[in-house]
Amino acid sequence: MKQALFEITENKKIADNVFLMRLAGDTDAITRPGQFVNVKIGGLFLRRPISVCDSEPGLLTLIYKTVGGGTKRLSEMQPGEKADILTGLGNGYDVSLSGDTPLLVGGGVGVPPLYKLAKVLISQGKHVKVITGFNTAAEAFFTKEFRALGAEVFVATADGSEGIKGFVTDALSAAGEYGYFYACGPEPMLKALYRATKTSGQFSFEERMGCGFGACMGCSCRTVTGYKRICREGPVLCKEEILWR
Amino acid sequence: MKQALFEITENKKIADNVFLMRLAGDTDAITRPGQFVNVKIGGLFLRRPISVCDSEPGLLTLIYKTVGGGTKRLSEMQPGEKADILTGLGNGYDVSLSGDTPLLVGGGVGVPPLYKLAKVLISQGKHVKVITGFNTAAEAFFTKEFRALGAEVFVATADGSEGIKGFVTDALSAAGEYGYFYACGPEPMLKALYRATKTSGQFSFEERMGCGFGACMGCSCRTVTGYKRICREGPVLCKEEILWR
Amino acid sequence: MAVKSTSVNLCGTELANPVIPASGTFGYGYEFAEFYDINVLGTFSFKGTTREPRFGNETPRIAETPAGMLNAVGLQNPGVDKVISEELPRLAKCFEKKVMANVSGFCREDYVYTCKKLAECEQVGWLEVNISCPNVHGGGMSFGTSAASAYEITRAVKDAVSKPVIIKLSPNVTDISEIARACEAGGADGISLINTLLGMRIDLRRRRPLLANGTGGLSGPAVFPVALRMVWQAAKAVKIPVVGMGGVSSAADVLEMMCAGATAVEVGAANLVDPYACRDIINGLPDEMEKYGVNDIKEIIGAAL
Amino acid sequence: MAVKSTSVNLCGTELANPVIPASGTFGYGYEFAEFYDINVLGTFSFKGTTREPRFGNETPRIAETPAGMLNAVGLQNPGVDKVISEELPRLAKCFEKKVMANVSGFCREDYVYTCKKLAECEQVGWLEVNISCPNVHGGGMSFGTSAASAYEITRAVKDAVSKPVIIKLSPNVTDISEIARACEAGGADGISLINTLLGMRIDLRRRRPLLANGTGGLSGPAVFPVALRMVWQAAKAVKIPVVGMGGVSSAADVLEMMCAGATAVEVGAANLVDPYACRDIINGLPDEMEKYGVNDIKEIIGAAL
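Protein chains in written order, with the working numbering: chain A, 1 to 245; chain B, 1 to 245; chain C, 1 to 305; chain D, 1 to 305.
Calculated from the structure, these hints are not laboratory results. Among the hints, erroneous ones may be present.
What the hints assert, rightly or not - Cut-off 25 Å, straight-line C-alpha distance, at most; resulting in silico cross-link-like pairs (SDA-like, lysine to any residue): (1) A:K65 <-> D:T59; (2) B:K82 <-> C:Y276; (3) A:K72 <-> C:E290; (4) B:K72 <-> A:G43; (5) B:K228 <-> C:E86; (6) A:K72 <-> B:M77; (7) C:K97 <-> C:V40; (8) D:K236 <-> C:D203; (9) C:K236 <-> D:N283; (10) A:K198 <-> A:D94; (11) D:K93 <-> A:A29; (12) B:K72 <-> A:E7; (13) A:K119 <-> A:E152; (14) A:K198 <-> A:L243; (15) B:K72 <-> B:G179; (16) C:K97 <-> C:A160; (17) A:K82 <-> D:N283; (18) C:K4 <-> D:R208; (19) D:K116 <-> D:V161; (20) C:K93 <-> B:M1; (21) B:K82 <-> A:S75; (22) B:K2 <-> C:T215; (23) B:K82 <-> B:G68; (24) A:K2 <-> D:C94; (25) D:K158 <-> D:C11; (26) A:K228 <-> A:R48; (27) A:K12 <-> B:K2.
So that you can see chain A by itself, here it is in the shape it has in the complex (with noise of 0.2 Å):
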């Protein structure tokens, strides 16, 4: 955990209420893709956790959705403006369990935290497919970004406007053979994708919280080892430690 002021770079919209920012700081906290970071937005009190998209030494990529009136303050930020931004935050995916066959399932801006994980699993020989699930098309981001990497990319979007029409689960059985999986979305998908999978696997949960460093018990959850703090023993559970609530 560090806080650091970062310089934002780039913050450009790169889908309907999407934007992707960039920014340069020390990035030295962030250890595990998965992690988060929390971010000081002017003339609002609480920070904003959004799931780090992608992180190197200085440079630290963020994607969010605007929807209140945070993120649109977010998304308004210019190229030069400083953020206050606590880094290195979350317990994030371990990579160690993948196997050689992982599939990454991401839903709307559950999304951004598998592009880091794909990079570390593909740098690490690994085959990794990935499911990305929308709305439709033009909520839809970072197909060819994941191709890029060399990740196998399967689309879902509920309208059928591209790719698969469905949800994520439904681009299950396109996606085929995996011995493990990754996911983060939105929680009735993670669900869904509780049910419907049949190796074992980690969830990014989201939660509204206070201080996003374990201090305030605000997001805490119920799970098979114990209460855990989504924002410190969390955002990853382990699929067998799971409760639904």
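Fit chains B, C and D to the supplied structure of chain A, relying on the hints for placement.
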């Protein structure tokens, strides 16, 4: 009264803790010297009232002192940034009463509104004398600007580091004869001047304001002619109607 | 976008929309008429009026706070006779609707006297009886913090006038439901809340309270969550209409207040920062309703109870 | 700049400075030890602890508000036994000072049991007894809103332990002075206030309260003026030390609280937004004192009373 968006064209320090800001925007509602504007500053709830130093069609000049968080933020605003401003507030000075030899007396940030007043009076062919008072030379400003208008200027500093040592009242004898006066500054200065002057004149008062346009009754005062709102029937009161508290 | 209906019915009178500028932030209306045509408003609640003229508290009366402000004006007003002889005729020139007459007092007789006089005015559509102003020593505070005196004032005013009486409640109480029920039992046609929360700032240079009055009333967005909670509690406690207020500054805030049980919504401090606030909120209602699938604004009143 | 003294004495123990992270915003300390050496603190108040382990409320437990936040955590904690067997030993590795033990309960016996156990711990310097948590149904709320039950709990805890007992008060009351006096009469060594103001937000998409618990506690800069007023009122009402809190987020806020009568000042929500908040406030105290001509911070305690 008018609400308008102004663009900052210049924002520079002109003395210790004193800044001059030039803005471009609709100044039509400003009809008299001594009026003020009310500036919305990001992150703060209430607007900040600032007296008009100068205004010409489309151009507004403000001088303000950094006294707290609000004016500090104002001082950090950059050219090109926009500011939401209510203009044309307050009664302003009545120049019709000036006579031929008016004396203008300002203390600290009470000096700025006298600039536009001097400009108007001089354009009407009046012989204008100006006394400005500051704590120390490093806080003094606008001496040469008043002279460039054609006014006779007397500077007083409390520590004697520039001009006459003492308060503005100590400069009265040096300034010599005058037929009427206009004053703006902190209340103790106004009170001292009230006692030290023999002629009639007008005083511009300061008060903490809620709205700045007469709605909240936050800045009321008692006068000989009844209760008045500093923001609406003021900030300028004639000597004869003042009831000191 | 489907046609949006924003009209509500407040104690028998139809309002074009639920947005009502709150007393003490809108003067007697005509200052705002210089900024826009105030007939776009459903109505507005005029400056708190007392039996006798009042200067109010000494200055400073205003202090800034995070996302809000403190005021300790102390009910400055010209007194009910001048309000009737001067302010209302002046208002008639720029406002053709019924106005809400806000009344304060320091004893039962004051309230009855002032309410009776104002109820006789054709322009007055509702009486809003402030039993909660926190600024006046020995004043309204006591009525609004006890169920018994809230009942007593309500009953006395109701016995004296036939126009709808809305009792404006103080939030500085342990149990707002109890006070709301007392007003209902006293015959109130409606209640409005919240008045300001009692607060304070200290001037570190003088090491004294910043306001001349010592304490003042907190308003602005800062208090919105407290206001919303109290409206929700009060709306659950009574059957009469509830007028919600406290930190409302957007069309979305209006909808939240209505979901919490408000039939109409007053907007206060926002008017002081942005004179166009109420006009802009009214104009923003249809888009905000569309966003949340609301066609008739009446359907969300109390939806979250 | 003259040397500045920031030390204060809280119920017999000297604190290097008056800044105390508030319960519920600082966990059991060690999360913050990853950010800075928490020994710079005078002390801190740890997460509210109960007799039995608690999960607390369902999520969402957190909502954003203007200049503040709502929380309805519902006293999640591992229970007093685990706090003593696991949390305190872990804390010992990064904090060498006495800690303030925050205790909640649902009946007198709960309070007594938990306080007794914690008072036996060498690391515990003070007991802060929360009689005001607004989140738990049938819970702490009732004790803090009645002078009689505030007295009862204070008396019971004082009879059971010899370490200093500070009663943490609820602001959701009509008369804070009355409650403060009841605690003093019950033997309290100090009082701390304010706990959170009861508030609410509504999720317009679902037209339901946003928090799973319905209502939640408001904290953050928004409540600072209300907190300051209540500290001022309470400090006027009692002679025992008052610990001020509620929206404090700067060194200047600390000084305002102290002028209003606080001997020490807790910092809450600010820690959640900026983990370095307390360290930075402490570091900022000397400059802020210089600005207002204060050399010994003790001299301003109650200056504005």
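### Message
Given the hinted pair K158 of chain D and C11 of chain D, is their Cα-Cα distance within 25 Å?
### Response
holds (14 Å)
#### Entry: Holds or violated: K82 of chain A to N283 of chain D, with C-alpha atoms at most 25 Å apart
With Cα atoms ~24 Å apart, K82 of chain A and N283 of chain D stay inside 25 Å; holds.
### Task
Could you grab the alpha-carbon distance between K72 of chain B and G43 of chain A and see if it respects the 25 Å cut-off?
Roughly 16 Å between the alpha carbons, so the hint for K72 of chain B and G43 of chain A holds.
### Query
Is the Cα-Cα distance between K4 of chain C and R208 of chain D 25 Å or less?
With Cα atoms ~22 Å apart, K4 of chain C and R208 of chain D stay inside 25 Å; holds.
### Query
CA of K72 of chain B to CA of G179 of chain B, is that 25 Å or under?
violated (39 Å)
### Query
Does K2 of chain A pair with C94 of chain D here, judged by a C-alpha cut-off of 25 Å?
Roughly 18 Å between the alpha carbons, so the hint for K2 of chain A and C94 of chain D holds.
### Message
Hinted pair, alpha-carbon criterion (25 Å max): K93 of chain C, M1 of chain B. Please report holds or violated.
### Response
Roughly 19 Å between the alpha carbons, so the hint for K93 of chain C and M1 of chain B holds.
### Pair hint outcome, K65 of chain A versus T59 of chain D [Cα-Cα no greater than 25 Å]
Within the cut-off at roughly 22 Å; holds.
### Query
K93 of chain D and A29 of chain A: Cα distance at most 25 Å?
Since the Cα atoms of K93 of chain D and A29 of chain A sit roughly 23 Å apart, the hinted pair holds (cutoff 25 Å).
### Query
Is K228 of chain B close enough to E86 of chain C, meaning Cα to Cα at most 25 Å?
holds (16 Å)
### Task
Sort out whether T215 of chain C lies within 25 Å of K2 of chain B, counting only the CA atoms.
Violated - the C-alpha atoms of T215 of chain C and K2 of chain B are around 33 Å apart, more than 25 Å.
### Task
Below or equal to 25 Å on CA atoms is what counts here, so check K12 of chain A against K2 of chain B.
Distance of about 36 Å is beyond 25 Å: violated.
Violated hints, in rising order: 9, 15, 22, 27; the structure is consistent with all others.
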